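K.L.:
Residue numbers (the numbering used here), protein chains in the order written: chain C, 1 to 328; chain D, 1 to 328; chain F, 1 to 366; chain B, 1 to 366.
You can trust all of the hints, since none of them are fake.
Only some residues are given here: those of chain F computed to face chain C with a beta carbon under 8 Å:
no.	residue
1	His139
2	Ala141
3	Gly189
4	Pro190
5	Asn196
6	His357
7	Val358
8	Gly361
Just so you know, the hints here were simulated from the structure itself, not pulled from any lab data. On a predicted model such as this, the values are computed, not experimentally measured, just so you know. From the three backbone atoms N, C-alpha and C, an ideal C-beta is built for every residue, glycine too.
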Amino acid sequence: MREITFAEAVLEAIQEEMRHDSRVFYMGIDVSPPGVGATGRLRQEFGDARVRLTPITEATNSGVAIGAAAAGMRPIVNLLICNFGFVAFDQIANHAANFHYMYGGQASLPIVYRQSFGAGRAGAAQHSSSVYPSYLSVPGLKIALPSTPYDAKGLMKSAIRDDNPVLFFEDGALGGSTGPVPEEEYLVPLGRAEVKRQGTDITVVALGSMVRLALEAAEDLASDGIQAEVLDPRTLVPFDDGALCRSVGKTGCLVIVDQSSRTAGAAAEVAARVCEDPQAFAALRAPVARVCCEDVPIPFSPPLERYVIPSKEKLRAAILRTVQRSPA
Amino acid sequence: MREITFAEAVLEAIQEEMRHDSRVFYMGIDVSPPGVGATGRLRQEFGDARVRLTPITEATNSGVAIGAAAAGMRPIVNLLICNFGFVAFDQIANHAANFHYMYGGQASLPIVYRQSFGAGRAGAAQHSSSVYPSYLSVPGLKIALPSTPYDAKGLMKSAIRDDNPVLFFEDGALGGSTGPVPEEEYLVPLGRAEVKRQGTDITVVALGSMVRLALEAAEDLASDGIQAEVLDPRTLVPFDDGALCRSVGKTGCLVIVDQSSRTAGAAAEVAARVCEDPQAFAALRAPVARVCCEDVPIPFSPPLERYVIPSKEKLRAAILRTVQRSPA
Amino acid sequence: MAPSLFCYNWGVCARTIDSLCKRGMLYLEASAALRRCRIDFSTAELQQVLRTMLLIRLFEERLVTEVQAGNIPGMLHLAVGQEAAAAGVCAALKPEDYVVTTHRGHGHVLARGAEPWRVMAEIFGRSGGTCGGRGGSMHVADFSVGVICADAIVGGCLPIATGAALGAKMRGEGRVTACFFGDGASNQGPFHESLNLASLWALPIVYVCENNLYGASSPARETLSVQDVAVRAVGYGIAGEVVDGNDVMAVAEAAARAVEKARSGQGPTLLECKTYRFRSHMEGRTPASDPYRPEAEVAAWRERCPIDLLQGRLLAQGAVSRQELEQMRAQVATEVEEAARKALESDYPSPADALLHVYAGEGPPE
Amino acid sequence: MAPSLFCYNWGVCARTIDSLCKRGMLYLEASAALRRCRIDFSTAELQQVLRTMLLIRLFEERLVTEVQAGNIPGMLHLAVGQEAAAAGVCAALKPEDYVVTTHRGHGHVLARGAEPWRVMAEIFGRSGGTCGGRGGSMHVADFSVGVICADAIVGGCLPIATGAALGAKMRGEGRVTACFFGDGASNQGPFHESLNLASLWALPIVYVCENNLYGASSPARETLSVQDVAVRAVGYGIAGEVVDGNDVMAVAEAAARAVEKARSGQGPTLLECKTYRFRSHMEGRTPASDPYRPEAEVAAWRERCPIDLLQGRLLAQGAVSRQELEQMRAQVATEVEEAARKALESDYPSPADALLHVYAGEGPPE
Ligand SMILES: Cc1ncc(C[n+]2csc(CCOP(=O)(O)OP(=O)(O)O)c2C)c(N)n1
Ligand SMILES: Cc1ncc(C[n+]2csc(CCOP(=O)(O)OP(=O)(O)O)c2C)c(N)n1
Ligand SMILES: [Mg+2]
Ligand SMILES: [Mg+2]
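Only chain C is shown next, with the shape it has when bound in the complex (with noise of 0.2 Å):
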């Protein structure tokens, strides 16, 4: 199969999405000349009225969002860096979550907002957040978060298909990474996971490019006899409850391996679903390790960085301790 890079397979999917359906259109401050890069790309085919280089209001496009969708568009809108995504948090927390239900289904809000995230990269603490904790919390939105070019063009395709509002989160690690997409056209659905490797001592669950890392880590410790099972939610909202409890119900070990804070982050909500479903929590049989950000803002400098970071030692260790604790 062809090997694209994950940047690309989102590309496509926008733009089979936009010739598939005329309602589909894109807007973002990344917007670029005709031709120029891959929005370029995108406004030679489609043309300014479909591609649209808005001013740098990111509440203010998030929320135009939601009136062109309510008057039947469906709109796709790039905030970038999730950062800047707080910028329009009132308008996506307050306003689109709340705006099929409240309304009570009147209209839906069929929207993509697109947000790359995390550190790595030396872009400090305004540039290299990974937000979707923050939204995780807010009934009404949709949250999927890829970790293959496979499952980016997959996702958003069915993210841009949804009727409703939900938030593409891009890690910022992967752009350039590449895998195989198929030709023809398919979709991943949103609230399924995937085992990218099968195990039977220890469940990983990892999100983004924290997939590639446990991924290596299973591998290095397949070694020293520890079977590490790898599991990628994909969809943070719908979360694959089931796909989880029968992983630890198989394993009876869990770490979680996020670049979003430590505290209240995504691993958070992980854990807790494992420790209130009872059977999966029966099956428990080693404390839950959670491997994240450490909670302090993204330093710039490049080893205050690296030390505060997931790494592959930190989720090793953090699995070989687990393993250790649990009595078989």
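Chain C is already provided as a structure; the job is to place chains D, F and B with the ligands on it using the hints.
P.N.:
For chains D, F and B with the ligands alone, kept in the frame of chain C given last:
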């Protein structure tokens, strides 16, 4: 001891600290004319310069507090209902939270952001949320959430004296509730939980007005022979891990009752902390239960609203279920 | 680049209002500028507009009774005294146009022709309400009459309205969007961002600022750095206009101009209606005569009741008789009575339905 | 209520810029308006301003070398070509004044007199940096010279600057705040909210918009609904002024007027400097000559290099000799060389220190 309302207690704290430190000032959209209402009283005592009426611009008000703090002042900003605070999310999460760290400790930001929260008063989706989980994953912020007039006064005074941005969440259901508050000065430190009721069979972690709910449920259940311990964290950041783990270590059962959403709410973090602590986890004899708001925007109509928010009945059921599941 | 036309149409009448507003008061008799409008409206049209204002007034007065009777949960923001802005602007719209409103939106949705009983049922939290009781007074959207948003985050509705205008433009439907908001909202960031965008994209939208001189208890003179919100149009290269918001004919005329401009592709207008609410910001919370508003100011504006103004003019013109007016009022009163009855008969939604409609196209969340 | 003075000072020279900007280009020779400034500056002052511009230029050119050598992590936004705004505005400030800047702030912090090696060390992520290496290029705050914020969320710095001005006013310190931001930022909500507030409270602040005609790759003509950001001052009842931002004397003169106004309690000014960046939005990302900028436009602005303009004028006046100029440049070059050396000698912070300073007054979080 005299009894005063929760709202009075908060106001007294502000008043005392404004008398005590001329750098402390108050700003918000709720400031009334001198003499009228609570803020009008403040305005009368301290004048327009220190009790500032602002336009309805939560984002800028929150940013103005940052600049004023950097210039040596100690602002208190009232954002009123926490949904309005989402308008200011960027200023709080991208700016206030990072300021001290990102600039290498060159300045500190002694700011208090007041917000009220909670459902139950037919405020509908944009006036009833309990949004503290969205801030919980943002390092650099402290979060207080008192449940009694005593704690409210003591924590507000500590928050004003703290050199960091503190989000002070006031449960809308408590404003008129009364409780003993000494005349003489005292502080309640940030980061210290309180056992509001001793018990041996189960730990009920409760926040804000849920503490009263928990106490009532605990009294009811005492007649069934179940002794519930009610633990009030009082501050979410810093979080009193020791108190939580000690209590669960003793009881072996954990129910969390909280008004924020079930998914990724404050309860998720509490559950995760217990499950990753080796001692507390080892002590845990039953799955953790979360009694929270359902994952829906808060509906307006009272029967709908009652259905989705935590109630004594739901809490009671969760406690019973948890205790029954725990092998003695 | 947007057309940078700026027509700051500030007539004699508006100027008078302005100078009086400066002193926090407004006294105004019918002026030349007011009389000028007459010619543009047929008697039938004027009667229709009057009827709309009466409906809003009696509907909201009924809400006062109902809130006292305990039938209205939550917060209730009335627009008694501001009926001319709702009726005047909506008179200039076509049925297919969009309206976006705020926490103070009953008048707008009624002026669009929503069924009064369904609006009232919504305010009562009943299943027959326009939103099935999930929205309440602050969220009386009714998509069947084009009111696609009733938003209670101050300033939050402007981007949404702007988006509706974009959607309509992209679909080539010729629809215009009217976006209502307050003086308070005009200081919020989204106001600025939205007007900039609407100008750049020449969107078919009319931004209607109902400047009632207060945002909750805050006087505009302490929170708004300019006398007129409309002057801010300069900063976006669009048309700005101030009208006497209690003169429904002046409002309708200005709105018609702005709507026509929008529909013909000439972009947005910022239309400011100077008006006043006769009641408190919110029912129940503060006394009806708020401590923050000088009594004389309230009295002066009450003198300028938009309904009385129009009735007086129609009578003076001989366009209606006293008897006809009384008949109209009686009819509207019956309609409101009927609406209240029907609304009260509507059931509360069944509790477990609370879990429906979180996501479109799905049942309740598992 | 704020003073509603509006002085939209748009001289001959600015008007020329404007009409040329409309066509996306600017050709300008020294005009009468430019020459007019001469009298107000002593030769020593002008030399100092020139030296500041040279320092910024050579410092930033050095960064180009260093980024290519792999010494600069993260993103790097240079202001080569925009030195006049930094030098001109800062020349009008006192040492105790505050400056707030953005992601493109090296020039501002240098113009305030920060130690060049510490600024460079910050950009390199070294412990000797002004923020100990935690901020980097986008966050070069240096409180010791009054640069209390260097913020990389577009528009985010305006409320913070407004707050600094409020703090200074409340403390009665007579300090003025200068807030730098871009044309792109002028469309963000906080711009609107901040100017409204500063007007209402007559805060001692100068909002300096460096309009370099682009926000990243977006041309202002597609994102800014008016020709001049300064015209937006009308919407807040404050003074707005456009100056040729490549003419350091014009900038300094206008800034001095605005600062004086602010210091004497007459409130804020919106000062727009029309300028241009010679390099890309960000180093490395896009080619130096961006595809989105017409080559002729870049060339025309390069012709108007602010340093050349001032040097030419000083030479023409006989205020300096060619030799003196060369000497100055050599001195500055040495200073920059020295700064780079010292910065490179500074250690990286030790990794575990990453856990310090999350909260003031505490050690690392447990
Ligand atoms: C973002 C936000 N802040 C505060 C409030 C509380 N609030 C509700 S209405 C209102 C006043 C709004 O004033 P204005 O825009 O003039 O509208 P009016 O009520 O006068 O019609 C306020 C402050 C809110 N709903 N949203
Ligand atoms: C809220 C936000 N949105 C987007 C960005 C990405 N970004 C960084 S600089 C920039 C352009 C800013 O333009 P302008 O304000 O004109 O300043 P300039 O870069 O031209 O100096 C953009 C879009 C950001 N940093 N913050
Ligand atoms: Mg108002
Ligand atoms: Mg720019």
